[in-house]
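Q: What follows is the residue order along each chain.
2 protein chains.
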Amino acid sequence: MITLYSFPHSRSHRVSWTLEELGLEYQCRHVALDKGEGQTDAHLARHPDGKVPVIEDGDVCLFESAPICRYLADTYGDGALLPSDPVARAQVDQWLSFIVTELEQPLWNQAKHTFALPEDKRIAAVLPVCAWEFQRALSALERRYNGQEYLVGNTFTLADMFLAHTLSWAVSMKHRLPENLQRYRERHNQRPAMAKAAEKEKAAASA
Amino acid sequence: MITLYSFPHSRSHRVSWTLEELGLEYQCRHVALDKGEGQTDAHLARHPDGKVPVIEDGDVCLFESAPICRYLADTYGDGALLPSDPVARAQVDQWLSFIVTELEQPLWNQAKHTFALPEDKRIAAVLPVCAWEFQRALSALERRYNGQEYLVGNTFTLADMFLAHTLSWAVSMKHRLPENLQRYRERHNQRPAMAKAAEKEKAAASA
Numbered sequence: 001m002i003t004l005y006s007f008p009h010s011r012s013h014r015v016s017w018t019l020e021e022l023g024l025e026y027q028c029r030h031v032a033l034d035k036g037e038g039q040t041d042a043h044l045a046r047h048p049d050g051k052v053p054v055i056e057d058g059d060v061c062l063f064e065s066a067p068i069c070r071y072l073a074d075t076y077g078d079g080a081l082l083p084s085d086p087v088a089r090a091q092v093d094q095w096l097s098f099i100v101t102e103l104e105q106p107l108w109n110q111a112k113h114t115f116a117l118p119e120d121k122r123i124a125a126v127l128p129v130c131a132w133e134f135q136r137a138l139s140a141l142e143r144r145y146n147g148q149e150y151l152v153g154n155t156f157t158l159a160d161m162f163l164a165h166t167l168s169w170a171v172s173m174k175h176r177l178p179e180n181l182q183r184y185r186e187r188h189n190q191r192p193a194m195a196k197a198a199e200k201e202k203a204a205a206s207a
Numbered sequence: 208m209i210t211l212y213s214f215p216h217s218r219s220h221r222v223s224w225t226l227e228e229l230g231l232e233y234q235c236r237h238v239a240l241d242k243g244e245g246q247t248d249a250h251l252a253r254h255p256d257g258k259v260p261v262i263e264d265g266d267v268c269l270f271e272s273a274p275i276c277r278y279l280a281d282t283y284g285d286g287a288l289l290p291s292d293p294v295a296r297a298q299v300d301q302w303l304s305f306i307v308t309e310l311e312q313p314l315w316n317q318a319k320h321t322f323a324l325p326e327d328k329r330i331a332a333v334l335p336v337c338a339w340e341f342q343r344a345l346s347a348l349e350r351r352y353n354g355q356e357y358l359v360g361n362t363f364t365l366a367d368m369f370l371a372h373t374l375s376w377a378v379s380m381k382h383r384l385p386e387n388l389q390r391y392r393e394r395h396n397q398r399p400a401m402a403k404a405a406e407k408e409k410a411a412a413s414a
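Residue numbers (this note's numbering), protein chains in the order written: chain X, 1 to 207; chain P, 208 to 414.
Keep in mind that the hints were calculated from the coordinates and are not lab data.
Predicted model, so just to flag it, every value in this text is computed and none were measured.
Any given hint could be a false lead.
Covered by chain P, according to a simulated footprint, are these stretches of chain X (three or more residues, beta-carbon under 8 Å) [claimed, not checked]: (1) 10-22; (2) 158-171; (3) 176-187.
Here are a few chain P residues that face chain X, going by a calculated C-beta distance under 7 Å [unchecked claim]: (4) V267; (5) P274; (6) D281; (7) T282; (8) V307; (9) E326; (10) K328.
Note that the Cβ used here is the ideal one computed from N, Cα and C, for glycine as well.
Construct the complete structure from the given sequences, taking the supplied hints into account.
A: Rendered as structure tokens:
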């Protein structure tokens, strides 16, 4: 069975969501990052920087959310989450990259300078710059997103999952979204697989 | 013919290097980002944030370096730069993601707060934190890289290209590399395709 190393409200949710969309059996193992469990030898053998998500699937051990989800969709999916057509695939891939490098990084920098970095490394003055950069990335996104149901083609793909997840992260950090992206986020967050995934990570955390 | 929109010493070099490794015919079109050409309507129609690289390949127009290189390797390659075996492919993919989200982001933040952001958004106090974060990412990399010739398997893949490129970026920003990564970088930078690609971007810039 596939094992997902997870932490609630982190990027591991993208992987649990993918696993649920694919209808796969898996177990969640909570890594208590807040108690230093990421930095144990056992976890560093799975993830060289002591983070989540990580999956183990037989002999395969992978870290980084986008590659894990691509691997799962390629290995176990039917081409819906990640199209096999090279052009549609490249378009999903392009948005995944934009989301994790442009849209997410200002949020992650904001989180780092609020709580994730060691206290003596946090620079409060950078927080309004992060907010400005996030709005700039949203504006770039709005040059392509005009209220359509999906980012690429006519089905829900990994690009939609990552965008909905990242927009929810932004909302939890009190960023304002344009109305059509707010609706997009709410619509995709209503997928049953999303709720099941969150429930499973939460249960693992309190086990 | 494939068109690459480029700027010397930027991430477009990863794409020109890939095109040269694949032996493809292509033209470089220089985008004078330093003169505001990225923000023209024509370029914003290609890249929603006005950056490079972008490629046009017939009807296909893509931005973001890693997805472009994956698309080129999948469409025109023989499986060397990007393996077709799902596990080897996922491992290359994992390293690409680590490189662009963990290793490169501190360098990019450093560049942003040195020259790339509008002057009133630059926070000098964040620069030593970027340096600390880069060294932390290098330490994570060193938990997996012990001097082997290639990051994944026994051939040069996109993971090696992106790592060599990002390490060179770090060196140009005066970061110190561990000796084995310095050797790794120098070795891969000697590939003829790398020099040809740099030459072609430079020629486009001075045309």
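Q: Hint check: is the beta carbon of K328 of chain P less than 7 Å from a beta carbon of chain X?
A: Holds - the Cβ of K328 of chain P comes within 7 Å of chain X, reaching about 5 Å at its closest.
Q: May I ask you to test the interface hint for E326 of chain P with respect to chain X, counting a Cβ-Cβ separation under 7 Å as satisfied?
A: Violated, about 12 Å.
Q: Does P274 of chain P hold up as a contact with chain X if the rule is Cβ-Cβ below 7 Å?
A: P274 of chain P check passes; min Cβ-Cβ to chain X is 4 Å, inside 7 Å.
Q: Do three or more residues of the segment 176-187 of chain X come closer than 8 Å to chain P, measuring C-beta to C-beta?
A: n = 0 at 8 Å, threshold three: violated.
Q: Can the segment 158-171 of chain X be counted as covered by chain P under the rule of three residues or more with Cβ-Cβ separation shorter than 8 Å?
A: violated (count 0)
Q: Holds or violated: V307 of chain P as interface residue toward chain X, Cβ cutoff 7 Å?
A: holds (6 Å)
Q: Report holds or violated for the interface hint on D281 of chain P, using the least CB-CB distance to chain X and a cut-off of 7 Å.
A: holds (6 Å)
Q: Check whether three or more residues of the segment 10-22 of chain X sit with their beta carbon closer than 8 Å to a beta carbon of chain P.
A: violated (count 0)
Q: Does the nearest C-beta of chain X fall within a distance shorter than 7 Å of the C-beta of V267 of chain P?
A: holds (6 Å)
Q: Can you verify the interface hint for T282 of chain P: is its Cβ closer than 7 Å to any Cβ in chain X?
A: Interface hint status for T282 of chain P: holds (6 Å vs cutoff 7 Å).
Of the numbered hints given earlier, the model fails hints 1, 2, 3, 9; all others are met.
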